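Q: Chain residues, written in single-letter form:
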Amino acid sequence: METIQDLIYYYSQNGAYVWHEFYRHFLMSAYGVLFAAIVAIPTGIVIARYNRLSTWVISLANIIQTIPALAMLAVLMLVMGLGTNTVVFSLFLYSLLPIIKNTYTGICNVDHALLESGKAMGMTKFQVLWMVELPLAMSVIMAGLRTALVITIGIATIGTFIGAGGLGDIILRGTNVTDGTAIILAGAIPTALMAVLADLVMGWLERKLSPIKKRKGSLKNNIQEQAA
Amino acid sequence: MLKFDHVSKVYKGGKRAVHDLNLEISKGEFICFIGPSGCGKTTTMKMINRLIEPTEGKIFINGVNIMDSDPVQLRREIGYVIQQIGLFPHMTIQENISLVLRLLKVPEEQRRTRARELLTLVDMTPDYLEKYPHELSGGQQQRIGVLRALAADQPLILMDEPFGALDPITRESLQEEFKKLQRKLDKTIVFVTHDMDEALKLADRIVIMKDGQIVQCDTPDEILRNPANEFVEEFIGKDRLVQARPNIQTVGQIMNPSPITITGERTLSEAIQLMKQHRVDSLLVVDELKVLQGYIDVQMIDQNRKKASFVREVVDTEIFTVSKRALVRDTIRKILKMGMKYVPVVDDKHRLVGIVTRASLVDIVYDSIWGVDDLSKIG
Ligand SMILES: Nc1ncnc2c1ncn2[C@@H]1O[C@H](COP(=O)(O)OP(=O)(O)O)[C@@H](O)[C@H]1O
Ligand SMILES: [Mg+2]
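Top to bottom, those sequences are chains A and B.
Following this note's numbering from start to finish, the first sequence increments by one per residue and tops out at 228.
Following this note's numbering from start to finish, the second sequence increments by one per residue and tops out at 379.
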């Protein structure tokens, strides 16, 4: 009980600070994923074209994924120094795998008949990609971005160790004081909340981008037909 | 308008899918490629719009070698319908139909009008335009698939087993519809199928393929009448051959080639004797060049026995004949309608070459109903 009161007190006193770190935390994750998307989506497309490359690229991304976050941060710090950029870069690396993998899968799973159909109607290679493959793979790619964003929101908390700020700062503070449970929670709860929110929003986007459009009207009709 | 000139296709790995194919297709023709699975039908068709490039030989469209034209441009000028239908699930029906127009940069407004107009061709209401493919039945989807190939008014349309994925009833009705559509639109159509009934129903000419080569290329009637070899016969099926017989056989093929005749110079008693000998009640009268003069029957002889002594004096020249090239189907109808017992068969110079009697008709009808067993007994 006391902890909750402490928590509320902490928020009332440090509301602006928490919000600031929340925002900062989000930006680091978002930038990491954004830059990763810029690199990983085209990579995914390329390896879907040249299947021989795919094993190599995906293995490489897999290896990156298995490096413990703290170790990765430490190594990057040696090269890039302290600060936000290093954290964003490591988040970028962690985001690569899910995005590449999903782009690759999404594109590979587009029905072959549709590609032939498009080609036979006189689409250029680029038009096939732009008008058929990407729209049809979009929801799977979106799912990759969603995974990446949730992962990076978690990992971004350790950014505090190299002075990048974010909600990790608050948690670290909590661990450094005696009886800091409330403060740890004050940092952990918004982090979890952000991850859940991100997941929900991206999930909604993913459904929105699904190639099979479900319209309310038609759904209702179907139900009526079944009832009749 | 379409010409294959010694075209061969060898796939990577050495598989020879099409071998030295020569074929000319004229404008407005409906050509069906048919043959067992793997005989190279799809390969042949895809070479036309360069989805596959021939290894050897040349293909000309309106005299232009297709290898000289830009493949993308070429494909936009050729309609294409595939078995898997291949409508884009993320586009509305309107967008699907007018996709080629969009590629050709036709303005939006015009595309919409065209899509609407095409939809009426298959008796679908405009409210389908805003629907998505998954909201349509299989038959409706393939109708849209066909319309999509017609959108830019391409003169040449390629169809690879377009109705293969549909249930038999839908397929049948779509075939009917499509045949009507084709007559109306006057397109050149290259149609691949493995369904002989479909080919017989739709095609102007059927190309039967086996192991990458043309076995026979002819009109459906001619193929049924004269299958080139055993493979074709087998492929058509004995059933169909027998059933189709009255529709495609000519009188020349079924007539009795040695009718009993007499010349006008003979006497009536000779005529009677001849009748008695062959147990018939009438004779066909010919001259020495076998040109048909008429007929006499036993009644006429009886009535004129006193007055006349030669056949030529009593012959009735009012006689109905058929040409030996007439279809059996039509002849049957005439014989039955006019209540004749027999019809003499003549050639172009009115020379008697045979006779069709009611008995021969019975044989035909019998064959086409029960003839399959019979045939296999003989064969
Ligand atoms: N891309 C390919 N690579 C190698 N062989 C192929 C390829 N496509 C088709 N074939 C072979 O060529 C032959 C003809 O194929 P196809 O034209 O598709 O036959 P059909 O359409 O008459 O069933 C088949 O034996 C098939 O296995
Ligand atoms: Mg095929």
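Mixed in with the good hints, there may be bad ones.
[Claimed, not checked] Result set (SDA-like, lysine to any residue): computed pairs, CA atoms no more than 20 Å apart in a straight line:
1. A/Lys208 <-> B/His134
2. B/Lys131 <-> A/Arg207
3. A/Lys125 <-> B/Lys290
4. B/Lys341 <-> B/Asp316
5. A/Lys208 <-> B/Thr92
6. A/Lys208 <-> A/Val150
7. A/Lys125 <-> B/Arg102
8. B/Lys290 <-> B/Ser323
9. A/Lys208 <-> B/Glu130
10. B/Lys46 <-> A/Leu115
11. B/Lys180 <-> B/Leu200
12. B/Lys46 <-> A/Asp111
13. A/Lys125 <-> B/Asp70
14. A/Lys125 <-> B/Pro71
It should be emphasised that the hints constitute simulated quantities derived from the structure, not laboratory data.
Predicted model, so just to flag it, every value in this text is computed and none were measured.
Q: State for each hint whether it applies.
A: Here is what the structure says about each hint:
1. A/Lys208 <-> B/His134: 17 Å, holds
2. B/Lys131 <-> A/Arg207: 18 Å, holds
3. A/Lys125 <-> B/Lys290: 73 Å, violated
4. B/Lys341 <-> B/Asp316: Roughly 16 Å separates the two Cα atoms, so the pair holds.
5. A/Lys208 <-> B/Thr92: 16 Å, holds
6. A/Lys208 <-> A/Val150: 19 Å, holds
7. A/Lys125 <-> B/Arg102: Roughly 16 Å between the alpha carbons, so the hint for A/Lys125 and B/Arg102 holds.
8. B/Lys290 <-> B/Ser323: 15 Å, holds
9. A/Lys208 <-> B/Glu130: 18 Å, holds
10. B/Lys46 <-> A/Leu115: 14 Å, holds
11. B/Lys180 <-> B/Leu200: 15 Å, holds
12. B/Lys46 <-> A/Asp111: Holds: B/Lys46 and A/Asp111 sit about 19 Å apart, inside 20 Å.
13. A/Lys125 <-> B/Asp70: Holds - the C-alpha atoms of B/Asp70 and A/Lys125 are around 13 Å apart, at most 20 Å.
14. A/Lys125 <-> B/Pro71: 11 Å, holds
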